Each structure stands twice: as C-alpha cells, then as structure tokens.
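Engineer: For reference, the chains in residue letters:
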Amino acid sequence: MRKLELTFAFALLAVIAGFPLIQAGHEAVVDKEAPHVFDLLRKIPSKENLHRWDDNSKDRSVFAKWLRPVTLQLRYDLFGEMAPKSVKGEGDWLFYNQDVDYLLQPTYASDRFYKGTFDTLIAGKRVNPRNPLVAMEDFRDRLKARGIELLLVPIPGKPSIYPEKLWHGVQGQPASPTLALLDDLKRRGFNVADLFHPLLDAKAAGAPQLYLKRDTHWTPQGMEVAAEALAGRIKQMIPDPDTAAALGPRDSIVFTPRYMIKDTTVNRWGDIAEMTKVPDRRKIWPEESVPATQILDAKTGKPYQDDPASTILWLGDSYSRIYQTDAPGSAGIISHVAYRLNRPLASIVNDGGASTVVRQQLARRGELLQGKKLVVWTFVERDLRFGSKGWQVQELP
Amino acid sequence: MVFTEDVFLFYFLPLVLLVYYLIPYQRDPKPGKSRYWMRNLWLTAVGYIFYSWFEPWFVLPMMFTNVADYLFGLYLGRDDVPSGRRKLVLIVSMCMNLGLLGLFKYGVFTQENLNHLLAAVGHPTFSVLQIAFPIGISFYTFHSMSYIIDIYRGERPVKSFADFSCFVSLFPQLVAGPILRYNVLSLQLHSRTHSLSLFSRGVMLFFLGFAMKILLANPVGRIADAAFGAQAPHAIDAWWGVLAYAFQIYFDFNGYSVMALGLGMLFGFELIRNFNAPYHADSITDFWRRWHISLSTWLREYLYISLGGNRKGERRTYINLALVMLLGGLWHGAQWQFLFWGGIHGTMLGIERWSGKQPFYANSPRWLRVGVTFGVVLITWVFFRADGLPHAFSYLGSMFGLGHPGPFADLLKAEIYDRHDLINMAVCAVAVAQPFQSYEFGKRLSWGKFAVAFALFLAGVVMMYTQSFNPFLYFQF
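As you go down the protein sequences, you meet chains A and B in turn.
When we follow this note's numbering, the leftmost residue of the first sequence carries the number 48, and every step to the right adds one.
When we follow this note's numbering, the leftmost residue of the second sequence carries the number 2, and every step to the right adds one.
Just so you know, the hints here were simulated from the structure itself, not pulled from any lab data.
The structure displayed is predicted, hence computed values, not measured ones.
Idealized CB from N, CA, C, for every residue including glycine.
There may be inaccurate statements among the hints.
The calculated lysine to any residue pairs, modelled on SDA-like cross-linking and capped at a C-alpha distance of 25 Å, are [as the list claims (entries may be wrong)]:
1) 450(B) to 197(B)
2) 324(A) to 197(B)
3) 160(B) to 278(B)
4) 50(A) to 467(B)
5) 105(A) to 466(B)
The following label-pair restraints were derived from C-beta to C-beta distances [as the list claims (entries may be wrong)]:
6) 16(B) to 124(A): 33 to 41 Å
7) 39(B) to 72(A): 46 to 54 Å
8) 316(A) to 460(B): 29 to 37 Å
9) 366(B) to 109(A): 50 to 58 Å
Given only the sequences and the hints, what does the whole structure look like? Please build it.
Structural biologist: Here it is, written out as structure tokens:
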C-alpha cells in the first residue's frame with residue numbers, strides 16, 4: 048500500500064514540479080533567457096501585470112506548444128471537434144460562430160442585449176453605450192454639422208445568405224434581424240443601403256456561390272453584387288458631374304472610363320478553416336479557387352489606388368479588405384464601387400474594427416474629412432452585437 | 002487564480018507545497034499555541050496571494066473582515082463579558098459582514114430596483130454606481146460569520162491570528178467552498194495529521210476533480226451557453242440546453258469541491274464533502290441532502306435553527322423553511338431569478354414536509370421518483386442560468402412549446418448537436434448515472450484506480466491547453 052501511496056504522491060509532484068522545471072530549463076538553455084517566472088518579481092503585482100504574466104506564461108509554455116496541436120488534431124480525428132470559433136456546416140462548409148450567434152441571440156431591441164451594461168449620460172441623455180443606434184446617430188449628427196452625408200451599410204454575414212449550408216433543416220430563406228434594423232434606421236431618417244435583397248435575389252437567380260465555403264467573407268461574385276447595389280445607392284445620394292459620368296453595369300460602358308478590368312483567379316484557404324486550428328486543416332479542406340476581377344487605372348494600367356481627396360470616404364472592415372489589399376489586390380469592394388462610380392474613393396479599413404475603431408482612426412486623421420460629401424460606413428452585421436470595442440461615441444476633430 | 006490553469010498547477014501549487022513541508026512544526030507547543038502556527042501563517046499568506054490574483058485590491062475587504070472578526074472573537078471568548086454586550090458584539094460583527102456582502106454583492110441590485118421603483122412613481126432615476134464584485138466574498142463571509150456565531154454559542158476562540166486567518170483564507174476552499182463551519186476546522190488548525198495515506202487520497206481526489214471540470218463541465222458548458230444565448234430556441238433544443246447546464250453546473254461545482262477536498266488533504270486538512278450524487282435524489286428533500294451539502298448545513302445550523310427551526314410550531318416551521326430557501330437563493334446572486342429558484346425549492350420542500358418528508362410521487366418506482374425529481378431540478382436550473390427573470394420565463398416557455406422560435410432558430414442545432422456534443426453529453430450522462438462517487442472512489446486506493454485517475458488527470462492537463470479561460474461557475478457567487 049505504501050508503494051501505491053508513494054506512486055500517487057510522486058505522480059502529482061512529477062507533473063506539477065516537472066513541468067515548470069523543464070520549462071525553466073528550456074528557457075535558459077534553448078531560448079537563452081532568464082526563466083519568465085522571474086518576470087513576476089520585476090513588476091508591480093497589479094491585475095494587468097499578473098494577467099499579462101499569465102497570458103505570457105501560456106504562450107511561452109513548451110508543453111502548450113507541443114500539446115496543443117497534437118490534441119487539436121486528435122480531437123478532430125476522433126470526434127470531429129474544432130476550436131469553438133468555427134461551426135461545422137453541411138458538407139465542407141464552415142461558419143464563424145459569431146456570425147451564427149448574431150442570428151440566434153437577442154438584438155439591440157431586446158433588454159437581454161444590454162445585460163451587464165449600464166446606462167450612461169451622453170449629451171445630457173441617458174443611453175446605453177452598447178446600443179449601436181446611439182453611436183450611429185451621434186456620428187451622423189457630427190458629419191451633418193460638417194455638411195457630410197452618412198450612408199450606413201450593414202453587410203450580411205454568410206449564414207444570413209446561406210443558412211441551409213449551415214443546417215440542412217432550415218425552412219425557406221429566413222430574414223436576418225438586420226433587415227428590421229434597416230427599417231428602424233430608415234424611420235429614424237438614416238440613409239441606408241440594403242445588400243441583403245440584392246444578394247438573396249442573386250442567389251435565387253442561380254448566381255455562382257456568393258460566399259466562400261470556409262471563409263467568413265463573400266466571393267468576388269458576391270462582392271460584385273454588393274458593389275453594384277451600393278454604387279447605385281451612392282449615385283442616388285450624390286448626383287454630381289462625376290456621378291453622371293459613372294459606369295453602369297460592367298457590360299454597358301458608354302463613356303470614357305477611368306478604370307479598366309482584368310480577370311484573374313483568387314485562391315483562399317479560408318479564415319474559418321484557420322480558426323479551427325486543426326493542424327492538418329490544409330490537408331482536410333482544399334484551397335478554394337474563385338474568379339476575380341482586378342480594377343486597374345485605364346491610363347497607367349496600375350492597380351486601383353485610393354484618393355484621399357475624394358468626395359467619398361469609405362469606412363469598412365475585412366469585407367472591404369478582402370481582394371482589395373489581400374491577393375489579388377485592387378479587386379475588392381472599394382475598387383469595384385470606385386469602378387462603377389468612375390472615380391476613386393478615400394478609405395479607412397480595419398479588420399473587425401468597423402463599429403468603433405475606424406471612427407477612432409478617422410478622429411486621428413481628421414484631414415480626411417475635408418472636402419467630403421459622403422461617408423459610406425460599412426460593417427458586417429455581426430458587429431452589431433460583437434463589434435470590437437462596441438459602439439462607442441467618438442468625437443471628431 | 003483557478004485550480005485548472007497552469008499558473009496554479011505548475012507554479013503556485015508546487016511552490017506552496019515545497020515551502021509548507023519545509024516549514025518546521027512544534028512537537029510540543031506551548032499551551033494554547035498551535036503546533037502548526039508557522040505553516041498556518043504560510044497558508045494564510047499564500048491564500049492572500051491566491052485571492053489577489055483575481056484583483057489585488059480584493060484582499061482589502063477580506064483582510065478587514067479577518068482582523069475585525071478575530072478581535073470580535075477574542076472579546077466574545079472572554080469569560081467576563083456580560084451577555085448583553087456579547088449579543089451587541091455579535092450583532093456588530095453580523096452587520097459588518099453582511100454590510101460588506103450587501104455593499105459589494107447587492108449594491109447594484111438595490112440601486113437598480115430603486116430606480117425601477119422611482120420610475121414607476123414617475124420620479125427621475127439616477128445613474129447606477131457600478132461596484133466591483135470581489136470573487137468568492139459570499140464564501141469567506143460565511144466562514145467568518147460561522148466563527149463568530151460558534152464563539153457566541155460557546156466554542157473557544159483561537160488565540161493565534163495565523164490560525165484564524167488560515168481558517169478564512171485557506172486557499173482550497175476560499176472562493177467556492179465547501180463552506181466550513183469553524184467547529185469543523187478548529188481542531189485541525191491546531192493539530193492535524195500529515196500522512197502519506199492522506200496525501201495520496203488528496204492526490205486522487207484532485208486528479209478526479211480536475212478531470213471533472215476540464216473533461217466534462219467545460220465541453221457541455223458550450224452547449225448550455227449556446228442554448229441559453231439564443232433568442233427563442235425550439236422546445237427540444239431548450240431541453241437539451243438545460244440538460245447540458247445541469248451537467249455543467251454539477252461537474253463544475255462538484256469538480257471544484259472535490260479538488261478543494263483533495264488540496265486540503267495535501268496540507269493535512271479534512272474538509273467536508275459537498276456533493277453526494279445529487280441527481281440520484283428521489284425527492285427535493287433528498288436533493289438538498291446531496292447538493293451543496295456545506296451550504297445547506299450552514300443555512301440549517303446558522304439560519305434555520307436561529308429562526309427557531311421546527312421548534313415553534315408547524316406554521317412557523319414552514320415560514321422558516323421558505324425564508325431559508327429564499328435567502329439561500331439570494332445568497333447565490335443579487336437577482337430576482339435566484340429568489341425564484343430558492344422559492345421553488347422552498348415550496349417543494351414545504352410540500353414534501355407537509356406530506357411527511359416525501360414527494361407526492363413517493364409511491365411510484367424509484368426510477369420514476371428520481372426522474373421526476375431530476376425534471377423539477379432541471380426546471381429550477383433555468384432560473385439559475387437565465388439572464389434575468391423575463392429570460393427565465395421565456396426559456397421555460399420555449400421548453401414547453403410556448404415560445405416563438407425565431408426564423409434562424411434551426412441554426413442552433415448546428416452549434417449544439419455536432420458529433421462531439423453528442424459524445425460529451427453521453428459521457429456526462431453515464432458519469433452522472435453510474436454509482437461510483439469520487440469521494441468514495443478516493444477512499445481506498447488501488448493500482449487500477451491510480452491508472453484511471455492519473456490518465457484522466459493527464460488528459461485534463463492536455464485539454465487544459467486547448468480550452469480558453471473557464472472560471473468556475475460558483476466564483477460568481
């Protein structure tokens with residue numbers, strides 16, 4: 048019995064003392080650094096410093112680095128389990144859990160949306176800072192004071208357009224809660240652009256796949272449907288000489304174009320496939336290859352470039368970044384809207400930061416507002432709930 | 002700091018154990034002096050470090066409580082204090098403890114409800130002052146209160162501050178219990194046995210508790226979160242979600258309690274058992290003998306009996322029972338839903354007491370009694386998990402087909418019925434249904450048990466690195 052008891056005690060001690068000793072040895076011998084445990088003694092033990100040390104400890108752990116991939120692969124192989132950010136859909140489709148949760152969870156119109164938050168006083172009014180409408184109204188009013196119009200453009204998430212690819216039992220084509228927001232915004236006097244109906248209509252009409260199977264974002268085809276709808280909406284809002292000369296659909300060019308197009312192909316592994324963190328993900332899911340169209344300067348043949356002096360300022364997130372600054376470049380929605388308007392745009396794009404971060408960046412680059420007539424604020428619909436840094440009211444210079 | 006993260010497992014615990022066993026103890030201490038006072042002092046110090054890891058300033062109210070109740074205890078323990086003054090000191094201590102608890106735990110709740118009241122009578126409301134909630138304050142406050150009440154009732158106070166603060170801040174039970182009555186630990190603080198036998202039993206329990214939390218509670222918690230997060234799930238999904246929550250809260254809290262028990266044994270303490278197969282209960286009365294035993298014992302000893310228990314007539318007994326359960330509910334959180342939860346349990350206990358401590362389904366076969374009791378418990382868990390009372394009712398509505406599932410409600414299925422979800426739920430169901438409880442399992446060691454427990458622990462350690470931060474559910478209480 049004593050041998051057994053000793054084994055128990057030794058087993059625990061071997062694990063709990065062995066791990067840190069090997070870690071410290073690795074840091075000293077391989078990394079040639081002082082063991083990070085001593086970092087604890089170097090800083091004031093504030094909450095931030097302690098938690099930073101915790102995070103750092105996990106990142107530096109040699110065991111974590113070794114065990115994590117092995118475990119994730121094993122969990123996938125045995126149980127089909129992936130990291131929680133990804134949700135398995137039908138066939139080889141993958142979805143981003145926040146896109147799904149946005150459609151499932153209460154919207155800004157529900158009390159539950161505000162759980163754990165507190166009202167605050169903004170401009171003498173008691174409002175909840177989590178409510179996206181507060182930031183939207185504030186931003187619109189600040190722009191209006193400068194003579195600039197605001198166009199709000201919620202971008203549909205993948206499950207709004209392809210719910211049946213997530214779960215086979217979905218009946219019909221349910222309406223995203225964002226459509227109710229659009230109605231609400233219209234009632235409140237906002238300029239809005241509806242990308243849902245154009246995308247759903249294109250899907251119903253048998254258009255090629257509008258979203259990537261293993262990526263949160265749209266395909267170039269889906270993006271072009273959105274660009275077409277958006278360019279049309281912008282033309283309605285600022286009918287100026289440039290707009291009068293703007294291009295119509297790609298095959299109805301009737302005047303001197305500023306841009307030309309070049310067909311190409313885009314290959315993407317998919318950001319959701321990356322989120323699964325399954326080590327063999329690139330063997331499990333093939334790269335998706337989709338046709339795309341680059342926008343080039345008609346005179347120089349160089350890729351489309353923004354013009355900070357444009358009368359239109361574009362604010363956006365990764366939906367504006369994909370194909371634009373990602374490969375193949377100048378083939379994203381900003382280029383395609385510019386192509387359809389026949390003029391360049393100014394833009395601020397921040398991945399996942401369309402709710403607040405882009406306006407914070409705008410506040411730091413106030414000169415961008417000079418000469419603007421329109422700000423197009425695009426954001427993926429899930430940001431209404433999960434926007435990075437929420438929907439903060441942001442002053443402008 | 003939580004037991005299931007690497008900072009605790011690989012830095013805090015080995016260091017604390019090493020120093021603890023290096024500290025000498027006095028074989029023949031002076032009368033009144035604890036044999037282990039230096040070790041107790043060390044455990045106190047590391048208890049503060051453990052606690053301050055969440056937020057360093059959280060230790061201040063705990064220190065204040067410690068010092069004040071230690072002094073109150075010394076005063077109450079004197080033989081020359083008149084009974085009137087003893088009562089006054091008791092009241093002052095209770096007011097201090099409950100005042101701190103009220104301020105930190107119920108401050109926001111009180112303000113919010115005052116605002117609702119003001120709004121209802123057309124009066125302007127005020128901005129709610131946000132108050133940070135020190136994790137585990139309900140637990141250490143109850144420890145401290147039990148000490149003062151026990152001294153008031155005749156126990157001898159501790160002379161050593163190290164011993165007293167060790168009792169309150171003993172890190173295995175500091176933030177989520179088991180809630181100890183002082184008289185359970187008083188002797189052990191003074192003189193306890195450190196043996197390889199106890200140590201190895203502690204290791205076994207720690208292994209099992211760790212595995213429960215990481216391998217069972219966390220995976221099914223994701224299902225519960227998804228179901229309860231949905232606006233209006235379909236009935237079947239709502240039941241699946243609450244079942245997942247029932248598994249999660251049991252394996253989370255029981256896992257923590259078993260780890261606490263095991264950790265205590267590593268330092269020579271024998272804490273009390275907190276769970277005894279609660280989902281095998283065949284009545285609500287039985288459930289409360291098996292679920293969070295330390296809380297129900299505490300409430301019985303210090304609240305129910307203080308209110309008169311069943312000594313003041315039948316009517317008063319029912320009132321006392323209801324009061325205890327309502328306050329027990331409120332102890333869990335400053336929200337109306339917890340009052341409801343306590344109220345339902347109190348009502349069920351009242352009904353069972355009225356029919357001779359038996360449920361109305363007492364004559365049915367055992368499997369049916371257990372099933373019905375589990376069903377009642379499931380329904381009450383809705384109040385425990387929901388985001389407020391309106392959500393609890395709407396979720397219950399969904400469970401019984403009265404909800405209005407949204408257009409995308411079907412998508413929830415993709416999040417909660419994946420292959421690994423079904424496997425996790427099945428494993429939890431088997432773990433709940435099987436007759437072996439970790440406490441008994443850990444009583445007698447064998448090589449087979451070692452292999453099982455160590456394998457589970459290692460699997461837990463490996464899984465720990467692939468899970469995001471998962472604090473214990475009971476930390477919020």
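Engineer: Could you run down the list of hints and mark each one as holding or not?
Structural biologist: Status of each hint after checking the structure:
1. Between residue 450(B) and residue 197(B) the CA atoms are separated by roughly 17 Å; this keeps the pair inside 25 Å, and the hint holds.
2. A distance of roughly 42 Å separates the Cα atoms of residue 324(A) and residue 197(B); the hinted pair therefore is violated under the 25 Å criterion.
3. Distance restraint check for residue 160(B) and residue 278(B): the Cα-Cα separation of roughly 39 Å exceeds the 25 Å cut-off, and the hinted pair is therefore not satisfied.
4. A hinted pair counts as satisfied when its Cα atoms are at most 25 Å apart, and residue 50(A) with residue 467(B) does not qualify at roughly 34 Å.
5. Taking the CA atoms of residue 105(A) and residue 466(B), the gap is about 8 Å. The hint holds against a cut of 25 Å.
6. For the hinted restraint 33 to 41 Å between residue 16(B) and residue 124(A), the CB-CB distance of approximately 37 Å keeps it satisfied.
7. With their beta carbons about 32 Å apart, residue 39(B) and residue 72(A) fall outside the hinted range of 46 to 54 Å.
8. For the pair residue 316(A) and residue 460(B), the beta carbons lie near 30 Å from each other, so the given range of 29 to 37 Å is met.
9. As the Cβ distance of residue 366(B) to residue 109(A) is approximately 55 Å, the hint placing it in 50 to 58 Å holds.
Of the numbered hints given earlier, the model fails hints 2, 3, 4, 7; all others are met.
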